[in-house]
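**Q** So you can see what is in the structure, the chains are spelled out below.
Protein chains: 2
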Amino acid sequence: MKVFNPFLTALVLLIACNQNQHSVPVAGSTEETIVEKEKSDVFYHYSIWYAFVNKIFEGELTAKELKERGDIALGSYNLLDGELIMLDGVLFKATEDGKVTRVKDDDKIVYANAAFFDVEQSFEIKEVDNYKSLREKINEQLPSKNIFYAFKIHGDFKKMKCGGLNKQDKPFEDGLDVLIPNRPVFERENFSGTMVGFFCPEFIGNINVAAYHLHFVSDDETFAGHVMEFEAENLKVEMDYIYEYQFAVPRSPEYLNGNFENEFQYKKK
Amino acid sequence: MKVFNPFLTALVLLIACNQNQHSVPVAGSTEETIVEKEKSDVFYHYSIWYAFVNKIFEGELTAKELKERGDIALGSYNLLDGELIMLDGVLFKATEDGKVTRVKDDDKIVYANAAFFDVEQSFEIKEVDNYKSLREKINEQLPSKNIFYAFKIHGDFKKMKCGGLNKQDKPFEDGLDVLIPNRPVFERENFSGTMVGFFCPEFIGNINVAAYHLHFVSDDETFAGHVMEFEAENLKVEMDYIYEYQFAVPRSPEYLNGNFENEFQYKKK
Numbered sequence: 043m044k045v046f047n048p049f050l051t052a053l054v055l056l057i058a059c060n061q062n063q064h065s066v067p068v069a070g071s072t073e074e075t076i077v078e079k080e081k082s083d084v085f086y087h088y089s090i091w092y093a094f095v096n097k098i099f100e101g102e103l104t105a106k107e108l109k110e111r112g113d114i115a116l117g118s119y120n121l122l123d124g125e126l127i128m129l130d131g132v133l134f135k136a137t138e139d140g141k142v143t144r145v146k147d148d149d150k151i152v153y154a155n156a157a158f159f160d161v162e163q164s165f166e167i168k169e170v171d172n173y174k175s176l177r178e179k180i181n182e183q184l185p186s187k188n189i190f191y192a193f194k195i196h197g198d199f200k201k202m203k204c205g206g207l208n209k210q211d212k213p214f215e216d217g218l219d220v221l222i223p224n225r226p227v228f229e230r231e232n233f234s235g236t237m238v239g240f241f242c243p244e245f246i247g248n249i250n251v252a253a254y255h256l257h258f259v260s261d262d263e264t265f266a267g268h269v270m271e272f273e274a275e276n277l278k279v280e281m282d283y284i285y286e287y288q289f290a291v292p293r294s295p296e297y298l299n300g301n302f303e304n305e306f307q308y309k310k311k
Numbered sequence: 043m044k045v046f047n048p049f050l051t052a053l054v055l056l057i058a059c060n061q062n063q064h065s066v067p068v069a070g071s072t073e074e075t076i077v078e079k080e081k082s083d084v085f086y087h088y089s090i091w092y093a094f095v096n097k098i099f100e101g102e103l104t105a106k107e108l109k110e111r112g113d114i115a116l117g118s119y120n121l122l123d124g125e126l127i128m129l130d131g132v133l134f135k136a137t138e139d140g141k142v143t144r145v146k147d148d149d150k151i152v153y154a155n156a157a158f159f160d161v162e163q164s165f166e167i168k169e170v171d172n173y174k175s176l177r178e179k180i181n182e183q184l185p186s187k188n189i190f191y192a193f194k195i196h197g198d199f200k201k202m203k204c205g206g207l208n209k210q211d212k213p214f215e216d217g218l219d220v221l222i223p224n225r226p227v228f229e230r231e232n233f234s235g236t237m238v239g240f241f242c243p244e245f246i247g248n249i250n251v252a253a254y255h256l257h258f259v260s261d262d263e264t265f266a267g268h269v270m271e272f273e274a275e276n277l278k279v280e281m282d283y284i285y286e287y288q289f290a291v292p293r294s295p296e297y298l299n300g301n302f303e304n305e306f307q308y309k310k311k
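If you're matching them up, the sequences are chains S and H in order. Counting in our numbering, the first sequence runs from 43 upward without gaps. Counting in our numbering, the second sequence runs from 43 upward without gaps.
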């Protein structure tokens, strides 16, 4: 016999009311937005590339907050103390000494791109000699150059060359236009891993890196960084189409009063 | 004597659970985001200026959907069939014949900027001779040129000159770089009304109108359009600081396959 239990009804209603909702605090503020996490298909971006290039090297976003904005990401930590890569919700840091570590929830992030990754298109590539060749093969698959894409690309790497970042101290002397061409470089051969990143249309201008931007982490979590060059086999390219883009600017005095003049782009089209 | 009523408890819990939340459908998709409407402080932008300049004159956003993204807005309707202005949640259309009408929920929008307006700073100006003079006075008040602002500016207008749009038919021949310099112009003297609009930092590039962009609607709802020039008294300038910016691109074949080459900016700094 079924008995109507009003207490149970109240509980069920409350649970139903809260399911799929997730509290997403806005960085550096007390404001709060409720996002249906699983269905969110927004390119989330913290700070802007133009500010990052021009020595805005401290942000207010925490690792915990970034995880609420996506399960894949790339970026950098405060003071350029490591390249940031998130794969399947696990956030890594690759520091200037070449070490890769998992990240604590309260670690501060200066710059990040993130998204909740859904595979909307995938294809395999038996072999590519270099990064340019991969981009050409992906370019053939893009349904439009006027939208955004997220990528997860797993493969066996004969060679991988990744860039790191040298930790900076205040007062900051050089911007990324100087630091990136002089970045630490790490190389490894014959191992497997995943490239994670994004494609932005050219109209993104100085707000982000135009065209392709990929970071990498090895399967064994001991090698990671900004993808510079590689030779690879058995690549599985997974793509997510993104039609909405959201960015949040820092609220620090350095950002608010900054005069951004230097430009830098990777130009990986 | 108080009696515990479990049915009432369930109802109260449900109401508490739903308060301040608002279902926001994403234009042109079945995805859904839940936003705490009252606390949302995001610059919402539908389509991009670059596409709009380059003849993407049909959008998928409805008037109803736009109202879920803000209570002030500016923009245009599909086929350039009128300038769009939203003031205090009321959405108006100013067509090429000079008429101003309230808008139906299913009217389609090709381009819009919107925000939920909260006054964070306000000041009064006794008299301004022209638009440039107003911008100079506001520029003195902006705490930063690196964030976004929304404005509501009510006043008594000795003169107001507003631009309209001529409705276009397919195939579209001219972009905004041709249409705006040849737009219909409407003038009126000695009446009151409100200018509504936004300031974007220079780094916004081709994504939106850089610097100031204001639309206008008269108190009597009979005169509206894009603010070109004016002379005014008793201005009350209300400003909202915005640190987050979200844009959604159209999903039409015309947008996805578009080659955007022509640039146009109002340059109202």
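Since the hints were derived computationally from the structure, they do not count as laboratory data. There could be a bad hint or two in this list.
[Claimed, not checked] In the DSS-like style, the derived pairs of lysine-lysine whose C-alpha atoms are separated by at most 30 Å in a straight line are: (1) 106(S) to 200(S); (2) 187(S) to 150(H); (3) 174(H) to 187(S); (4) 150(S) to 179(S); (5) 212(H) to 187(S).
[What the hints assert, rightly or not] Covered stretches of chain S (chain H as the covering partner; in silico rule of three or more C-beta atoms under 8 Å from a C-beta of chain H): (6) 120-131; (7) 143-149; (8) 278-288.
[To be verified] For the chain S half of the interface with chain H, some residues (derived, Cβ under 10 Å), not all of them: (9) 84; (10) 232; (11) 291; (12) 293; (13) 297; (14) 298; (15) 308.
Glycine included, each C-beta is placed from N, C-alpha and C at the ideal position.
**Q** Indicate, hint by hint, whether the structure satisfies it.
**A** Each hint, compared with the structure:
1. 106(S) to 200(S): With Cα atoms ~34 Å apart, residue 106(S) and residue 200(S) exceed 30 Å; violated.
2. 187(S) to 150(H): Roughly 25 Å between the alpha carbons, so the hint for residue 187(S) and residue 150(H) holds.
3. 174(H) to 187(S): violated, 38 Å
4. 150(S) to 179(S): violated, 36 Å
5. 212(H) to 187(S): Within the cut-off at roughly 24 Å; holds.
6. 120-131: Contact hint for the region 120-131 of chain S vs chain H: violated, 0 residues under 8 Å.
7. 143-149: violated (count 0)
8. 278-288: With 4 residues closer than 8 Å to chain H, the region 278-288 of chain S meets the three-residue bar; holds.
9. 84: holds, 7 Å
10. 232: violated, 40 Å
11. 291: holds, 5 Å
12. 293: Nearest chain H Cβ about 6 Å off; hint holds.
13. 297: holds, 6 Å
14. 298: holds, 4 Å
15. 308: violated, 17 Å
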